[in-house]
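**Q** The residues making up each chain are set out below.
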Amino acid sequence: MSPKVSALAAGGGINGVALAVLIVLFLVVTVLGFMATRFQKGDTLESLDEWGLGGRKFGTWVTWFLLGGDLYTAYTFIAVPAAMFALGSVAGFFAVPYTIILYPIIFVFMARLWSVSHRHGYVTTADFVRGRYDSRVLSLAIAVTGFLATMPYIALQLVGIQAVLDVVGLGGGQNWLAKDAPLLIAFVVLAAYTYTSGLRAPAVIAFVKDALIYLVIIVAVIYLPTKFGGWEAIFGAAADKMSTTNEVTGKPNGAFIPGDGQMWAYASLALGSAMALFMYPHSVTATLSSESRTTIRRNASILPAYSFVLGLLALLGWVAIAAGTKPIGVDGKPNPQLVIPQLFEDSFPAWFAGVAFAAVAIGALVPAAIMSIAAANTFTRNIYKEWIRPDATHAEEARVSKYASLAVKGFALVFVLTLDKQNAINFQLLGGIWILQTFPSIVFSLYTRWFHKWALLAGWGVGMIYGTIAAYNVINPATGKHFGGSLNLIPAIGEMGYIAVTAFVANLVIAVVVSAVLNAMKVENGSDETTPGDYFADKGDLRVEKDKAIRRQTGSQGTISE
Amino acid sequence: MTDSRSGEPDVPPPTNKTLLVIAGVLLVLPVIALLWVSSYNRDTPRLWGFPFFFWYQFLWVFLCAGLTYTAHRLVLAARKPGPGTTGHTTPVNREGER
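Order-wise, the sequence lines are chains D and Y. Numbering follows the numbering used here, in which position 67 of the first sequence is assigned residue number 67; successive positions increment by one, without gaps. Numbering follows the numbering used here, in which position 28 of the second sequence is assigned residue number 590; successive positions increment by one, without gaps.
No wet-lab data here; the hints were simulated from the structure. Predicted model, so just to flag it, every value in this text is computed and none were measured. Using N, Cα and C, we set each Cβ at its ideal position, and we do this for glycine too. One should not assume that every hint holds.
As the list claims (entries may be wrong) - Label-pair ranges, simulated between beta-carbon atoms:
no. : chain 1 : residue 1 : chain 2 : residue 2 : range
1   : D       : Y214      : Y       : P576      : 17 to 25 Å
2   : D       : R449      : Y       : R635      : 28 to 36 Å
3   : Y       : P607      : D       : V221      : 20 to 28 Å
4   : D       : I23       : Y       : I584      : 48 to 56 Å
5   : Y       : W598      : D       : A211      : 55 to 63 Å
6   : Y       : L621      : D       : Y214      : 40 to 48 Å
What the hints assert, rightly or not - Just some of the chain Y residues that point at chain D, by a computed CB distance under 10 Å:
no. : residue
7   : K579
8   : I584
9   : Q619
10  : C626
11  : T632
12  : V637
13  : A639
Using the sequences provided together with the hints, build the complete structure.
**A** Structure below.
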């Protein structure tokens, strides 16, 4: 592999030792991924429950690592510190309150979603909406949104991998193939092991990934601040940089601590992101693959450990300011996304820089795998089976899911190659604008059927259209490109806020008003296949066991593994 | 609202509403505290060189974990397993360990 890789690098300064360590660790992970098919094995992988939910039997610890995989991504390692480095605390540090208030929010409703899904065999949120309202159209809207919103999030992971490979000296050749070859290689490996092992691959790799990440983080947050003069000096350097006037915009570079006019932005970014995260197909997948209702809630109280580390990682963006890190790409242009890998390369011995690069790269691969599997599940169940091939067998479903997981990665690749990568955190925020619009249909419907299905659809439509247009109209002052940020003026309040939250409020108002009208007119609101008791079902529910027994006797779904 | 697929009772389990309300308050505290940005966007007092703004939010990581865990115990106590919840006779909080 190495001679070929160095040939691709076409004159860039390659860090040979770091690259070798990176490749070795990458190979170890790949082998583990292929072996993962044996982990807690069911009878067959040829069903969606097995391939896509790991047989629904992950306990507290595996679930912890899987959910952590959703949070510890290139978002944490690359995008948040880069935003801190370039734009300051409003653009970056909101990730800390976001990942704290996330847990009380999921504590409240995820257990309910787990129960009703366990009872009725739902794999996606669109399944639930379908069952709750018997509405194929609303279910399709949820499924399409999930599929769409996942793409920029996977794209963010690719930007992370690309950043590492860029700093290590790969890529940057003249033609596009040489330039992007490292990205394509990493992607083929990811696609291959996800394809064969399903959700078991990322679950197993998540252990290795977290071990590597913790090692790197502990070293980084203890060693680096001392090396660069202690936290006092680091905060001093950051405060200086943030208050300096930017030559392009004529305004200060960023915020050291959010000031008067920035508090709505900070709070709405945190709240909007927290409400959005568990609407993504991959977060739902990670939750539903846990073995009991209690597992989820216990996890909600131990997962904040991740937020603490996330905060320290965010501050590494400011350590890089104190260290004078210059994030210049192989192509010779400055790129804030490179700041963390560059800081590691400048400050660590080459072999440890390699370990750190591996941690970041694998830390992007695992979530990318989980995300693509989840988006694929959604496509298969709620688009393919619902609209294209209603009589698909379980084996066929699993097969289509595998193809769809390849397709969604392909779309994400297109995002990376075409969109502005200067502020990668914006990819995740763009996905958040879209996915948050499914919140009323999913979360409110867990508690009540007062909302009318057509009202929820109308609210969703208004939120999606407003959000997309508003995001398109944000122009990056430095590059002049559209989709340049995720904040705009909140109508009626007149301060900057996260577009997702404004769109969500519009969505909610429409849903309430139209529901009131349609309910008053007594318009039929679909039939509900769930019962109040379903929302409390737990592992070993007698009714679920009974349904399984009936299925076994009739043999109508012979491929299911139970 | 009966379910044709089974003959089991499909009603919510008996619930201690008071405990649920207390749990709800515990869960809402971190959300309010962190969204109320003007209560903590200050530089001082500093702790180990960290401006107040930063260490205060780090502190909430631990407070939130504690509050969420307490809420978890309260909800388990509030909702004993009953018809419609679980087929197990063991308490719910002993399940799920692996």
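**Q** Now tell me if each hint is right for this structure.
**A** Hint by hint, here is what the structure shows:
no.: 1; hint: Y214/D - P576/Y: 17 to 25 Å; result: violated, 43 Å
no.: 2; hint: R449/D - R635/Y: 28 to 36 Å; result: holds, 31 Å
no.: 3; hint: P607/Y - V221/D: 20 to 28 Å; result: holds, 22 Å
no.: 4; hint: I23/D - I584/Y: 48 to 56 Å; result: holds, 54 Å
no.: 5; hint: W598/Y - A211/D: 55 to 63 Å; result: violated, 37 Å
no.: 6; hint: L621/Y - Y214/D: 40 to 48 Å; result: violated, 22 Å
no.: 7; hint: K579; result: violated, 15 Å
no.: 8; hint: I584; result: violated, 14 Å
no.: 9; hint: Q619; result: holds, 5 Å
no.: 10; hint: C626; result: holds, 5 Å
no.: 11; hint: T632; result: holds, 8 Å
no.: 12; hint: V637; result: holds, 7 Å
no.: 13; hint: A639; result: violated, 13 Å
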